[in-house]
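Could you slot chain B with the ligands onto chain A? The hints should help.
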Amino acid sequence: MAVAELTSRGDVTIKNLSKSYSINGRHLNVLQGVSNHIRAGESLAIVGASGSGKTTLLRVLAGLEDADRGEVLIDGQAVHGVGKDRAVIFQEPRLLPWLTVLDNVAFPLENRGLKKAEARARARHYVQLVGLGEFTEALPSQLSGGMAQRVGIARALAVKPEILLLDEPFGALDAMTKITMQEELARIWREEKVTMILVTHDLEEAVYLADRVLILGKEKGGRTREIDVDLPRPRNRSEAGFVKLREQLLNEFGLH
Amino acid sequence: MTLETEQQALPGFGQIPFWQSRPVREAAAIVRGFLSRYALLIAFAVLWQISPSLGWTNAAVLPPLNTILVALWNGVTVGTFSGDILISLRRAGLAFGAAVSLGIPLGLFMGQVRFIERSLDPILQLFRQTSALALYPVFILLLGLGETSKVFVIFWATLFPILLATIGGVKQVDPKLIEMARVYGAKRLTVFRRVVLPAALPQIFVGLRLSATTSLLLLIAAEMIGANSGIGFQVMNAQYNFQIPLMFAAILLLALLGLSANFILETLQARLCRWSKVKD
Ligand SMILES: Nc1ncnc2c1ncn2[C@@H]1O[C@H](COP(=O)(O)OP(=O)(O)OP(=O)(O)O)[C@@H](O)[C@H]1O
Ligand SMILES: [Mg+2]
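Line order of the protein sequences matches chains A and B.
Numbering that gives the first Met the number 0 numbers the first residue of the first sequence as 0 and each following residue consecutively.
Numbering that gives the first Met the number 0 numbers the first residue of the second sequence as 0 and each following residue consecutively.
Hints were generated in silico from the structure; no laboratory data involved.
Just so you know, not all the hints are guaranteed correct.
What the hints assert, rightly or not - Cβ pair distances, simulated, as ranges:
{"id": "1", "chain 1": "B", "residue 1": "196", "chain 2": "A", "residue 2": "233", "range": "43 to 49 angstroms"}
{"id": "2", "chain 1": "B", "residue 1": "175", "chain 2": "A", "residue 2": "173", "range": "20 to 26 angstroms"}
{"id": "3", "chain 1": "B", "residue 1": "16", "chain 2": "A", "residue 2": "135", "range": "42 to 48 angstroms"}
{"id": "4", "chain 1": "B", "residue 1": "196", "chain 2": "A", "residue 2": "135", "range": "21 to 27 angstroms"}
{"id": "5", "chain 1": "B", "residue 1": "125", "chain 2": "A", "residue 2": "252", "range": "43 to 49 angstroms"}
Stated by the list, open to error - With a cut-off of at most 30 angstroms between alpha-carbon atoms, the simulated DSS-like pairs for lysine-lysine come out as follows:
{"id": "6", "chain 1": "A", "residue 1": "83", "chain 2": "A", "residue 2": "14"}
{"id": "7", "chain 1": "B", "residue 1": "186", "chain 2": "A", "residue 2": "83"}
{"id": "8", "chain 1": "A", "residue 1": "177", "chain 2": "B", "residue 2": "175"}
{"id": "9", "chain 1": "A", "residue 1": "243", "chain 2": "A", "residue 2": "177"}
{"id": "10", "chain 1": "A", "residue 1": "177", "chain 2": "A", "residue 2": "159"}
{"id": "11", "chain 1": "B", "residue 1": "186", "chain 2": "A", "residue 2": "192"}
{"id": "12", "chain 1": "B", "residue 1": "175", "chain 2": "A", "residue 2": "14"}
{"id": "13", "chain 1": "B", "residue 1": "186", "chain 2": "A", "residue 2": "115"}
{"id": "14", "chain 1": "B", "residue 1": "175", "chain 2": "A", "residue 2": "114"}
{"id": "15", "chain 1": "A", "residue 1": "14", "chain 2": "B", "residue 2": "186"}
{"id": "16", "chain 1": "B", "residue 1": "186", "chain 2": "A", "residue 2": "177"}
{"id": "17", "chain 1": "A", "residue 1": "83", "chain 2": "B", "residue 2": "170"}
{"id": "18", "chain 1": "A", "residue 1": "243", "chain 2": "A", "residue 2": "192"}
{"id": "19", "chain 1": "A", "residue 1": "159", "chain 2": "B", "residue 2": "186"}
{"id": "20", "chain 1": "A", "residue 1": "83", "chain 2": "A", "residue 2": "159"}
{"id": "21", "chain 1": "B", "residue 1": "175", "chain 2": "A", "residue 2": "192"}
{"id": "22", "chain 1": "A", "residue 1": "83", "chain 2": "A", "residue 2": "177"}
{"id": "23", "chain 1": "B", "residue 1": "175", "chain 2": "A", "residue 2": "115"}
{"id": "24", "chain 1": "A", "residue 1": "192", "chain 2": "A", "residue 2": "83"}
{"id": "25", "chain 1": "A", "residue 1": "114", "chain 2": "A", "residue 2": "192"}
{"id": "26", "chain 1": "A", "residue 1": "114", "chain 2": "A", "residue 2": "83"}
{"id": "27", "chain 1": "A", "residue 1": "159", "chain 2": "B", "residue 2": "175"}
{"id": "28", "chain 1": "A", "residue 1": "83", "chain 2": "B", "residue 2": "175"}
What the hints assert, rightly or not - Where chain A lies over chain B, by a calculated footprint (3+ residues, C-beta under 8 angstroms):
{"id": "29", "segment": "67-81"}
{"id": "30", "segment": "191-198"}
The beta-carbon is built from N, C-alpha and C at its ideal position, and this holds for glycine as well.
If we strip away everything but chain A, and leave its shape as in the complex, we get (with noise of 0.2 angstroms):
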């Protein structure tokens, strides 16, 4: 821990991205001169309107897409494509049906070049830090979905990335498992000093895990606002300032 601490690297600046579709034609503007710094170790949500362009955000990040004008700057330096900084966690776990739990988890550091015995260590480190320890053979198609879920957070965190890119990770959870796993990946965030970068629909997640939420709007203009969450932590879902912030929240959506 007390290593991380001193690379605090994993700061993020979304300089101006735009970026649109033709869908039958039709020009979708769908993000338009998105900006904002991320600082690193911070936790920051993204929320908005189904189609608001929050996917489309996250895999500019990730490198899985390009944008059409703008960058993104990691600890100053422009990315291009994929990069072993950062990691995602996707909607699905996204895991190798014939691989075991612990080789998924040993794939990604595999691929950047370390011995198989090697990765299998480190894997089995962060099979156990996400609550699968007994569960290191078993196939994806033997865990329930909270448990392959977790799996995939493990592969993620296993390559020590500096951002941690999350699609609604839970969002295919029950309400139980999902707040287990929230708080699970709170605890996690806190050890490992990442930086996370979260797209949620789910407000109270986004309050529970998030520094600061960042607000896509739909509408024309592409305004984005934000919302500071200063809560101490680890947080009460119950208490006084998380309901009222997440009724601000609900209130910038025009609901309540």
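Same frame as chain A, but now just chain B with the ligands:
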């Protein structure tokens, strides 16, 4: 295990009867499993054996099983069966081997390159829909009546199931998994070796089994039409000479060949695709 602890916990109940003891119950379970799987097959064999002597069937046309087995034994030990088996295996094996070593690499390639797959698909469909047997006269015309045309017609029919299954297997690989692999640092070759290939493997095995069945089917047809050796020839030849038990012996041999081919492929599939529950 639970049984033993129960016994110790309740000594008053005394010795359990031996037919409830664990080895006996396990043996019973094995016998039950065997019967539920093979009872009908055994009944069929018994029926075949006894119906001529009961006058239900004509022994000259449907000889009892024991005469067929004797004919098979004699055919292998005294007759030419072992030679025929080798010849047939060589024909089918050569054709199957060639089809697999062309079909799988070509399918892996075509499945990944959309443009090539799209432009080759119409002609593949045309070839596939044209019965290989209908083309046999053409192959004979081009390649002569010897071994080459026989092996080629089997090869031709065997190629398409494995080729199309491999293409299908590669095309249905989940693009989300490929994207995941890219995010996590996999290069093109790694993506192919560790994502595309394993994902396509169950489909490839479906193709392999189809191709193996096809190769035996075409083998028999080719040997019946223009050969003077091989198991297919022996079936026809025995029928001409009215050696009915011998004919059935040759047919039985073919069935055994098909079963063992399928068994080998199933075993291989079970080992290589342990993760997959696809059974067909
Ligand atoms: N590959 C693509 N091709 C064409 N249009 C796309 C593509 N990806 C996204 N879009 C369009 O971009 C818009 C934003 O999509 P995006 O997936 O970023 O939304 P989102 O905010 O993640 O929505 P949701 O909350 O429903 O996941 C949508 O209108 C979608 O139709
Ligand atoms: Mg989305």
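Hint-by-hint comparison with the structure:
1. A hinted range of 43 to 49 angstroms for the beta carbons of residue 196 of chain B and residue 233 of chain A is consistent with their spacing of about 45 angstroms.
2. Taking the beta carbon of each, residue 175 of chain B and residue 173 of chain A are about 22 angstroms apart, inside 20 to 26 angstroms as hinted.
3. In this structure the supplied range 42 to 48 angstroms holds for residue 16 of chain B paired with residue 135 of chain A, their Cβ-Cβ distance being about 44 angstroms.
4. The hint said 21 to 27 angstroms for the Cβ distance between residue 196 of chain B and residue 135 of chain A, and at roughly 24 angstroms that hint holds.
5. Range check, residue 125 of chain B to residue 252 of chain A: about 57 angstroms between beta-carbon atoms, so the 43 to 49 angstroms window is missed.
6. In summary, the hint linking residue 83 of chain A to residue 14 of chain A is supported, as the alpha carbons are separated by about 21 angstroms, within the 30 angstroms threshold.
7. The hinted pair formed by residue 186 of chain B and residue 83 of chain A meets the criterion: a straight-line CA distance of about 13 angstroms does not exceed 30 angstroms.
8. Distance restraint check for residue 177 of chain A and residue 175 of chain B: the Cα-Cα separation of roughly 23 angstroms lies within the 30 angstroms cut-off, and the hinted pair is therefore satisfied.
9. Between residue 243 of chain A and residue 177 of chain A the CA atoms are separated by roughly 21 angstroms; this keeps the pair inside 30 angstroms, and the hint holds.
10. The suggested pairing of residue 177 of chain A with residue 159 of chain A holds, with an alpha-carbon distance near 24 angstroms, which does not exceed 30 angstroms.
11. With a C-alpha separation of about 29 angstroms, the suggested pair residue 186 of chain B and residue 192 of chain A falls inside the 30 angstroms cut-off, and the hint holds.
12. Only pairs whose Cα atoms come within 30 angstroms are accepted, and residue 175 of chain B paired with residue 14 of chain A is accepted, the gap being roughly 28 angstroms.
13. For a cut-off of 30 angstroms, the pair hint linking residue 186 of chain B to residue 115 of chain A stands: about 17 angstroms separates their Cα positions.
14. A distance of roughly 26 angstroms separates the Cα atoms of residue 175 of chain B and residue 114 of chain A; the hinted pair therefore holds under the 30 angstroms criterion.
15. Among the hinted pairs, residue 14 of chain A with residue 186 of chain B is consistent with the structure: their alpha-carbon atoms are about 29 angstroms apart, no more than 30 angstroms.
16. Pair hint residue 186 of chain B plus residue 177 of chain A does not hold up; C-alpha atoms about 34 angstroms apart against a cutoff of 30 angstroms.
17. With a C-alpha separation of about 28 angstroms, the suggested pairing of residue 83 of chain A with residue 170 of chain B holds against the 30 angstroms cut-off.
18. Between residue 243 of chain A and residue 192 of chain A the CA atoms are separated by roughly 27 angstroms; this keeps the pair inside 30 angstroms, and the hint holds.
19. Distance hint between residue 159 of chain A and residue 186 of chain B is fulfilled; the C-alpha atoms sit about 19 angstroms from each other, no more than 30 angstroms.
20. Straight-line distance between C-alpha atoms of residue 83 of chain A and residue 159 of chain A comes to about 9 angstroms, which keeps the hinted pair within the 30 angstroms bound.
21. For the given pair, residue 175 of chain B sits about 28 angstroms from residue 192 of chain A by alpha-carbon distance, which is consistent with the 30 angstroms threshold.
22. Only pairs whose Cα atoms come within 30 angstroms are accepted, and residue 83 of chain A paired with residue 177 of chain A is accepted, the gap being roughly 28 angstroms.
23. Restraint check for residue 175 of chain B and residue 115 of chain A: satisfied, since their Cα atoms lie roughly 25 angstroms apart, inside the 30 angstroms limit.
24. Taking the CA atoms of residue 192 of chain A and residue 83 of chain A, the gap is near 16 angstroms; set against the 30 angstroms cutoff, the hint holds.
25. Restraint check for residue 114 of chain A and residue 192 of chain A: satisfied, since their Cα atoms lie roughly 26 angstroms apart, inside the 30 angstroms limit.
26. Our distance criterion of 30 angstroms between C-alpha atoms is met by residue 114 of chain A and residue 83 of chain A, whose separation comes to about 17 angstroms.
27. Between residue 159 of chain A and residue 175 of chain B the alpha-carbon distance is near 22 angstroms, which keeps this suggested pair within the 30 angstroms criterion.
28. Note on residue 83 of chain A and residue 175 of chain B: the hinted pairing holds, with a Cα-Cα distance of about 19 angstroms set against a maximum of 30 angstroms.
29. Under the rule that three or more residues need a Cβ within less than 8 angstroms of chain A, the assignment of the segment 67-81 of chain B is violated, with 0 such residues.
30. Only residues whose C-beta sits within less than 8 angstroms of a C-beta in chain A count toward coverage, and the segment 191-198 of chain B has 4 of them, enough to reach three; the restraint holds.
Hint check: violations occur at hints 5, 16 and 29; the rest are consistent with the structure.
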